[in-house]
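> The residues making up each chain are set out below.
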Amino acid sequence: MVNPHWLVRNKGLLILLPSLLLTAIFVYGFIGTSFFFSLTNWRTLAVDLSLREPLWQTYTDMLAMPRFQADLRNTLVFTVLFIGLAIGIGLGLAILLDRQIAGRGFFRSAFLFPYALSFIVTGVVWRWIFNPETGINLFFDILGINQVLEAAGMDPLSPGWTTDPEVVLSVNQVLAHVWPSGMTFQIEWGIPIALIPVAIAATWQLSGFVMAMYLGGLGSISRQVRDAARIDGAGEFRMYRSVIIPMLTPITISTAIILLHVSLKIFDLVFAMSGVGPGFATDVPAIFVFEMMFKAARYNLGATASVVMLVASCLVIVPYLMHTFRSRET
Amino acid sequence: MSMRRGILWFILGLALILYALPVYVMVTNGFKDASSVSLATMWQLPGRASLGGFTEAWAMLSPNLRNSLVMVIPAALLSSIIGALNGYVFSKWRFRGSEVLFALLLFGFFIPYQAILLPLVRFLQWINVYGTLPGLVLTHVVYGISVTTLIFRNFYVNIPGSLVEAATVDGAGMIETFWRVMLPLSLPAFAVTLIFQFTNIWNDFLFGITVVPNPQAQPVTIALNNLSGSFSVDWNVVMAGAVIAALPTALVYIGLGKFFVRGLVSGAVKA
Chain G
24 MVNPHWLVRN KGLLILLPSL LLTAIFVYGF IGTSFFFSLT NWRTLAVDLS LREPLWQTYT
84 DMLAMPRFQA DLRNTLVFTV LFIGLAIGIG LGLAILLDRQ IAGRGFFRSA FLFPYALSFI
144 VTGVVWRWIF NPETGINLFF DILGINQVLE AAGMDPLSPG WTTDPEVVLS VNQVLAHVWP
204 SGMTFQIEWG IPIALIPVAI AATWQLSGFV MAMYLGGLGS ISRQVRDAAR IDGAGEFRMY
264 RSVIIPMLTP ITISTAIILL HVSLKIFDLV FAMSGVGPGF ATDVPAIFVF EMMFKAARYN
324 LGATASVVML VASCLVIVPY LMHTFRSRET
Chain F
371 MSMRRGILWF ILGLALILYA LPVYVMVTNG FKDASSVSLA TMWQLPGRAS LGGFTEAWAM
431 LSPNLRNSLV MVIPAALLSS IIGALNGYVF SKWRFRGSEV LFALLLFGFF IPYQAILLPL
491 VRFLQWINVY GTLPGLVLTH VVYGISVTTL IFRNFYVNIP GSLVEAATVD GAGMIETFWR
551 VMLPLSLPAF AVTLIFQFTN IWNDFLFGIT VVPNPQAQPV TIALNNLSGS FSVDWNVVMA
611 GAVIAALPTA LVYIGLGKFF VRGLVSGAVK A
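These protein sequence lines map, in sequence, to chains G and F.
Quick note, the first sequence lines up with residues 24 to 353 if you use the working numbering.
Quick note, the second sequence lines up with residues 371 to 641 if you use the working numbering.
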C-alpha cells in the first residue's frame, strides 16, 4: 500500500537532496569549520589545529589590534555615510521620476546602469577620479575656483581624497570621558577623510538600485491617496513628506537592510579603489580577512575576523528574514 | 507649470551628467592613444579616437575574458536549473518542514562569503579542483542555489495549483508535471535567474581571486585589477580594459533591462 503523502514527501526531498547536502556542507559545515579555525593555533603555513589557550585568545588579540579597531570604525562610518547618501539620493531620484515626464524610462535606466557593472570596473575608474593629481581636483582649476582663491590670497583647493590620512571629528575625548576604562582605543574614533570618496563611489553604484526599489513602491500607491492629499490642500512637498514617504517605510527598511548587508561585507570596491589606505584609513574587515588568509598566512586571525563579519551580518539579516517569513504566513 | 517642468528637467539632466562621469572617463580615455593620455587632461575628449588602448587591452585580457565566459555560462545555467526544481518543490509540493528547509537554504544567500572562504579553499584542494575553472563553477553554482531557488519559488507560487492537480489527475508524476506543465511556463523566470546569475558571477571578484591563484586561469575582473595595479601599463589601456570587462553585463543590462530589474527585486526578498 502506498501512502501518497509519504511518497510526495520523499520525492520532493529527493529533488531537494543535492541542494540540501551541498548547503549543509558548503554553508553550515564551512561556517562551523571557520569558527573552529578561529579557535586554533593555526597562524603559520604549517597547519596546527590544536585549540588555543585560552580558547578566545585570538578574538581578544584581534580586538586589541589598532588595525582591526580601524576596520570597525571604518565599517561604522562607511555604513552611515553610504546608507544616508544612497537612500537620500535614491529617494530623491524616485520622487523626481514619480510623474509623467518625457524620457522617464531613459532616466530610470541610466541611473540604474551602474548597478550592472562590477565593483572592480568602477573601483578602477573611481580610483583615478579621486586621485589628488587628477580627476575631481582638475575641476577646481577648470571651473576657476582655485584662481579665485589664489587671488584672494588663499591656498588652492587640492584635497588628498583617498590618500588623506586625517581623521576628523574625533570623539576620543568624549569616549574617554563617558567610558574611562575604555582607554584601550589605539586609534582616532572619527571620520577618516579617505573613506568619503569610497562612500561616494558606492553611492553612485547603488543609489539607482534604491531608486528602483522606491519606484516600485511609488507605483503601488494609488491615485486616490494622492488625490485625497491634494484635496486636503497639501502641496507637492507636503504630500510627499506627510503622506507618501511614511507609506514607503517598509521599502525604506528593506532597502536599508540590503544596503547594510552590502556595506558590512564591502570588499571589491575598496580593494580596487584605495586598498587599505594611509594608516588603514580605508581598510575594512573583508580586506583584513583576505590579507590574513591569503597574504599573511595568519589563518586563525582571518577566520576570527570572518566569524565577526558573519555575526554582524546575522544580527541584521536573521531578524529581517524571520519577519519576512512571519508576515507572509499570516 | 512649465517652469516647474523646466526645473525638473534641469535637476535630472544634472544628475545624469554626474552619473555619467565615471563612464565618460572610462570610455574617452580608453580611446586616447598612449602619447596623448595624461593625468592632466583626463576630462578632455581624445583629439582623435585611437584603438591602440583597446587592441593592447584585448591582447592582455582576452584569455581572461574567455575564462569568464567558460565559467559564467555553465554556472548560470546549472544554478538556474537546480533553482527551478527546488522552487517547484517548495511552492507546489510542500510538506511538513519544507518551509524550514527553504529558510535554511535561503540563509546561504546572505552570509558574507569570507566566513566560508578558508574551508572552501581547503575542500576544493581536497577534491582536486582548486585553481581550476570547474572549481570556480562549482563554487558559483553552490552559492547561487539559494537565490535561484528563491526567484523560482516566488514565481511558481503565482501559478495556479489547479494546473499541477490536473496533470496529476491525468496520472503524471511529480517530475513529469514539472517537465510538461511548469517548464513551458518558466521562461520569464529563467530569463530573470539567468541574467541575475550572469551579472553576479561575471562581476564576482572574491571567489575568482581566492579560488584561482594562477593569473592565466583567472576571470577578467581579477585580470583587470592586476592590470590597473601594474605601473608598466599605460592608463588608456587600463581604461579600455575596464570598458571591455564591463561590456558583457552592460550589454545584457541594455538589452534585457526589464528582466534585470525583476531579478533585482526578487533578489531583494520581496516575497
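Think of the hints as simulated: they come from the structure by calculation, not from any bench.
We put the beta carbon where it would ideally sit given N, CA and C, even for glycine.
Certain hints may be false.
[As the list claims (entries may be wrong)] Only pairs whose alpha carbons sit at most 20 Å apart, straight line, appear in this in silico EDC-like list of lysine to aspartate or glutamate:
{"id": "1", "chain 1": "G", "residue 1": "34", "chain 2": "F", "residue 2": "469"}
{"id": "2", "chain 1": "G", "residue 1": "318", "chain 2": "G", "residue 2": "71"}
{"id": "3", "chain 1": "G", "residue 1": "34", "chain 2": "F", "residue 2": "426"}
[Said to hold, decoys possible] Simulated restraints, written as ranges between beta carbons of each label pair:
{"id": "4", "chain 1": "G", "residue 1": "242", "chain 2": "F", "residue 2": "549", "range": "46 to 56 Å"}
{"id": "5", "chain 1": "G", "residue 1": "337", "chain 2": "F", "residue 2": "469", "range": "50 to 60 Å"}
{"id": "6", "chain 1": "F", "residue 1": "464", "chain 2": "G", "residue 2": "44", "range": "48 to 58 Å"}
{"id": "7", "chain 1": "G", "residue 1": "166", "chain 2": "F", "residue 2": "451", "range": "50 to 60 Å"}
{"id": "8", "chain 1": "F", "residue 1": "417", "chain 2": "G", "residue 2": "173", "range": "42 to 52 Å"}
{"id": "9", "chain 1": "F", "residue 1": "553", "chain 2": "G", "residue 2": "36", "range": "52 to 62 Å"}
> Taking the hints in turn, state whether each one holds.
Do the hints match the structure? See the list:
1. Proposed proximity of residue 34 of chain G and residue 469 of chain F is supported: the alpha carbons are some 16 Å apart, at most 20 Å.
2. With a CA separation close to 18 Å, the supplied pair residue 318 of chain G and residue 71 of chain G stays within the 20 Å bound.
3. A threshold of 20 Å between alpha carbons decides the hint, and for residue 34 of chain G with residue 426 of chain F the separation of about 54 Å lies outside it, so the pair is violated.
4. The supplied range of 46 to 56 Å is broken by residue 242 of chain G and residue 549 of chain F, whose beta-carbon atoms lie about 36 Å from each other.
5. Distance hint check for residue 337 of chain G and residue 469 of chain F: the Cβ-Cβ separation is about 19 Å, which falls outside the suggested range of 50 to 60 Å.
6. For residue 464 of chain F paired with residue 44 of chain G, a C-beta distance near 20 Å fails the hint of 48 to 58 Å.
7. In this structure, residue 166 of chain G and residue 451 of chain F meet the distance hint of 50 to 60 Å, their C-beta atoms being roughly 54 Å apart.
8. Taken as a hint, the range 42 to 52 Å is violated for the pair residue 417 of chain F and residue 173 of chain G, whose Cβ atoms sit roughly 29 Å apart.
9. For residue 553 of chain F and residue 36 of chain G, the Cβ-Cβ distance of about 21 Å falls outside the hinted range of 52 to 62 Å, so the restraint is violated.
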